[in-house]
Every structure is written in structure tokens, then in C-alpha cells.
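A.B. asks: Residue numbers (this note's numbering), protein chains in the order written: chain W, 1 to 211; chain H, 1001 to 1211.
Note that these hints are calculated values from the structure, not bench results.
Be careful, since some hints might not be right.
[Stated by the list, open to error] DSS-like, lysine-lysine: derived pairs with alpha carbons at most 27 Å apart:
no., chain 1, residue 1, chain 2, residue 2
1, H, Lys1111, W, Lys183
2, W, Lys208, H, Lys1161
3, H, Lys1018, W, Lys208
4, H, Lys1170, W, Lys183
5, H, Lys1161, W, Lys113
6, H, Lys1113, H, Lys1051
7, W, Lys51, W, Lys18
8, W, Lys161, H, Lys1208
9, H, Lys1161, W, Lys201
10, H, Lys1111, W, Lys111
11, H, Lys1201, W, Lys170
12, H, Lys1183, W, Lys183
13, W, Lys28, H, Lys1170
14, W, Lys23, W, Lys183
15, W, Lys23, H, Lys1183
16, H, Lys1018, W, Lys183
17, H, Lys1028, W, Lys28
18, W, Lys18, H, Lys1201
19, H, Lys1064, H, Lys1051
20, W, Lys161, H, Lys1113
21, W, Lys161, H, Lys1183
22, W, Lys111, H, Lys1161
23, W, Lys170, H, Lys1028
24, H, Lys1066, H, Lys1113
25, W, Lys183, H, Lys1028
26, H, Lys1201, W, Lys161
27, W, Lys18, H, Lys1183
28, W, Lys183, H, Lys1161
29, H, Lys1018, H, Lys1028
30, W, Lys161, H, Lys1161
31, W, Lys18, H, Lys1208
32, H, Lys1170, W, Lys201
33, W, Lys111, H, Lys1183
34, H, Lys1111, W, Lys161
Keep in mind the model is a prediction, meaning the values are calculated, not measured.
Number of protein chains: 2
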Amino acid sequence: MKRRGILIVVSGFSGAGKGTLMKALMQKYDNYSLSVSMTTRAPRPGETDGKEYFFVTKDIFEEKIKQEGLIEYACYCGNYYGTPRAYVESQLSAGRDVILEIEIQGALKIKEKFPDALLLFVMPPSAAELRNRLIGRGTESMEVIDQRMRRAVEEAQGIEKYDYIVVNDKLEECVEELHGIIKAVHNTADRNLLWIEQIRKELEELSKGEK
Amino acid sequence: MKRRGILIVVSGFSGAGKGTLMKALMQKYDNYSLSVSMTTRAPRPGETDGKEYFFVTKDIFEEKIKQEGLIEYACYCGNYYGTPRAYVESQLSAGRDVILEIEIQGALKIKEKFPDALLLFVMPPSAAELRNRLIGRGTESMEVIDQRMRRAVEEAQGIEKYDYIVVNDKLEECVEELHGIIKAVHNTADRNLLWIEQIRKELEELSKGEK
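The task is simple: from the sequences and hints, build the whole structure.
C.D. replies: As C-alpha cells, then:
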């Protein structure tokens, strides 16, 4: 079967281990391309242009919007964030599965524009475990942790709109689960219509030839 | 996550290797239950009651229909064929995935009554390969083979209505693919609404507790 890449959107609560999970997935399997978002916010210490984000000026970002060079974008806290179109489309055409790591509003915008995008939501094993992980990081104040928990409550409103959920309990197992889901989705009838049509024609020809 | 069994319908052209595939899947993994159909046709040499089919009289079959004891049934060539309800429902409740091996009309009836049933279609790698396999069996006349090919053309009309297709090229790989798809389908958001709701409530409670 011929395969075109799948546009995969991965979302999840802060603390669900999404970042680590993506890193492990990319390391283990080489059919994935990770899309890097563009933003007008300033880089934080340790962040590299082109790795965490493409850091650009407001003018450049707005020019990109005009040229329809972003497949989705949004404004948070006075800064733009968006997904550059060119990279995504070239990778998909080359048959590579492209992963966008974005939050729920962006994810739903993608699904609207690309109905065959695959939306995955990474869940913690339980709410208590999510909180433990946020505390365990030891880098944030209780105030920030409470903020994140409240934000998780908001984000949790839209989970049903995702196609699949994965529970990030053990990292290795979750990577396999994620990869397994994406592999399975390549086999949906909807994604193989051309191939089905081809077999159908071949069957018709072969069965006519024998009459 | 709590899991209820999935009702899985497997169809495929005669010669696509469906029977062998199901046998190998059941042997390798123990979470599947194979539903045995009921029929009024006479057993063929070598067939055992309760294994290939439950062989019953027309009266018993029609009584079953009246009692709504079949989840679908149809009449072919003057004989009834149907799927007994009790076994399917008890296995699903016990969390076991139940496999029905039925043809396309039956499959679509199941999908109508059970919208969350999973419909899988087993494809040959190509039409030519399908024909080769039918010839290779060495048990059928060219006339019967041509008949089967023409039937495949008819059956091929409905493939898009299936959820997933699998290509049976190498048996072992196809078993894994099939198992992988079913595993993935357990992770659809739709099949985990109760669990999602539970996490949501826990998140709300935990975030309130911290205010």
C-alpha cells in the first residue's frame, strides 16, 4: 500500500510527560518528523532557535500569516504561536508522519482544516499522579502547581474531541502504544481509498478476462 | 483504564486467507473469543457441531429469531445463517474481544445495530495474488475459481464501509497488524468516556482542594 504521512497532533496536560514521550518516540522510530512552532515570544535561557521554536519578530510573523504560511496560529499573553505550513506539507508528501505538539485550541483548529489529522491526548494514570509529578519536579512553587492543576481542569473539557488517548504510566510502554496507534491509523479504509480502488479494478479485469 | 470487549467483524474475499489468519490470531493471543454462527444447512464431511457452526433445524432457528436470540441473520441459498446473541454479550461484558467472521451484508447489519463494532477487511496483496492462491489450493475447478473471482468483485464494492483493512501478505506480520489495530481501537476516546469523566472529576476535586 502506498502511504502518505499522517498529520498527528499530540496534546496533554502539563506534567503528563508529553515532551519526554515525544523525545523517546523520535529516538526509537525514524518515520516521524517533529514540527517546530514559530513564536514571537523571547527565547528562554537554554532555548535554541529552530529547536524549541523558531523565534521571529512580530512583523515577520504577521507577514507569514498574510502569506498563509501557517496552518494554524494563536495569540497567548501577547505573543503569537503558529505552525509553519511548508515543513509540514513537504514531510507529509514524502510519506513521513508529522507530529505537532500543541494545546487543545490549536488541535481543534487543525482538525477543522485537516479532517484526517490524527488527534492524540496524553493522559496521566490519575489526577493524583499528575499532581505528584508536578510536585516531584521540584522546580515550581505550590502556587504554580495549583495553577497548572486548574489549567488541566480546563483542558480536560475537550478530551472527547480527540481521536485516541494514551496513558503515560510507563514511558517505554507508552511509546509503543503511541507508535502502535499511529501504525494502525495508516490502515483505516479512509486512508487507503486509492489502493482499494486499484484492487477493485484489477479484480474486475481479472474476472472479465476469465469469462 | 477499564476495558469492555470490542465486537470485531472480520470479512474478506474467499482466498484472502481469513480462516488461517483467525486461527493464528487466536493461538497467539488469548484475549479473543471467536463467535460460532448458527445455521440450518447440513454439516459437510469433517464439520463438527459447535465448531464450524451450530447446526440446527429450521424450527429451532426460527424460534431463535422470535426470541431475538440472534444479533444478525440472513438467508442464503435456502439456508439460514446467524450469530447467537448470548455468547457475544457475555464475552463482551467479561472484557473479551469477540470476533465474528461474516460476509459484508452481515457485517453492515452489525454496524447498524452496534455502531461501535469494529469492521476489519482482510485484503490480498493484489488481485493476481488472490487468483493465484485460489488456483494454488488445487481443490477447485477453474469454473469455481472464476465464480469466486466474480464474487470478489461484488464483495469489493463495500470495502470503504469497513473501518480498517489489513493486507494478508505474510501471515505472521498480518496477525501482528490485526492485533495492533484492535489494541489501538481500545484507546479511542469514544471507548474511554467513563474513564475520561472520572479523571476530570478527580482533577476538579484536587484543584478545588488546593485553593
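A.B. asks: Taking the hints in turn, state whether each one holds.
C.D. replies: Hints versus structure:
1. H/Lys1111 - W/Lys183: Holds, at roughly 24 Å.
2. W/Lys208 - H/Lys1161: 25 Å, holds
3. H/Lys1018 - W/Lys208: OK: lysine 1018 of chain H and lysine 208 of chain W at ~25 Å, within 27 Å.
4. H/Lys1170 - W/Lys183: 17 Å, holds
5. H/Lys1161 - W/Lys113: Distance ~24 Å between lysine 1161 of chain H and lysine 113 of chain W Cα, so the pair holds.
6. H/Lys1113 - H/Lys1051: 26 Å, holds
7. W/Lys51 - W/Lys18: 16 Å, holds
8. W/Lys161 - H/Lys1208: Given that 27 Å is the threshold and the Cα spacing comes to 25 Å, the pair holds.
9. H/Lys1161 - W/Lys201: Within the cut-off at roughly 18 Å; holds.
10. H/Lys1111 - W/Lys111: 25 Å, holds
11. H/Lys1201 - W/Lys170: 23 Å, holds
12. H/Lys1183 - W/Lys183: 11 Å, holds
13. W/Lys28 - H/Lys1170: 24 Å, holds
14. W/Lys23 - W/Lys183: Roughly 18 Å separates the two Cα atoms, so the pair holds.
15. W/Lys23 - H/Lys1183: The given pair, whose Cα atoms are some 23 Å apart, holds under the 27 Å limit.
16. H/Lys1018 - W/Lys183: Given pair lysine 1018 of chain H, lysine 183 of chain W holds - Cα atoms ~21 Å apart, limit 27 Å.
17. H/Lys1028 - W/Lys28: 26 Å, holds
18. W/Lys18 - H/Lys1201: Given pair lysine 18 of chain W, lysine 1201 of chain H holds - Cα atoms ~22 Å apart, limit 27 Å.
19. H/Lys1064 - H/Lys1051: 19 Å, holds
20. W/Lys161 - H/Lys1113: Cα-Cα ~24 Å, so holds.
21. W/Lys161 - H/Lys1183: The hint holds at about 20 Å.
22. W/Lys111 - H/Lys1161: 22 Å, holds
23. W/Lys170 - H/Lys1028: 24 Å, holds
24. H/Lys1066 - H/Lys1113: 17 Å, holds
25. W/Lys183 - H/Lys1028: 20 Å, holds
26. H/Lys1201 - W/Lys161: 18 Å, holds
27. W/Lys18 - H/Lys1183: 21 Å, holds
28. W/Lys183 - H/Lys1161: Measuring from Cα to Cα gives roughly 20 Å; hence the hint holds.
29. H/Lys1018 - H/Lys1028: Judged against 27 Å, a Cα distance of about 15 Å means the pair holds.
30. W/Lys161 - H/Lys1161: Judged against 27 Å, a Cα distance of about 22 Å means the pair holds.
31. W/Lys18 - H/Lys1208: 25 Å, holds
32. H/Lys1170 - W/Lys201: It holds: about 23 Å lies between the C-alpha atoms, which stays within 27 Å.
33. W/Lys111 - H/Lys1183: Since the Cα atoms of lysine 111 of chain W and lysine 1183 of chain H sit roughly 24 Å apart, the hinted pair holds (cutoff 27 Å).
34. H/Lys1111 - W/Lys161: Since the Cα atoms of lysine 1111 of chain H and lysine 161 of chain W sit roughly 22 Å apart, the hinted pair holds (cutoff 27 Å).
In this structure, none of the earlier numbered hints is contradicted; all agree with it.
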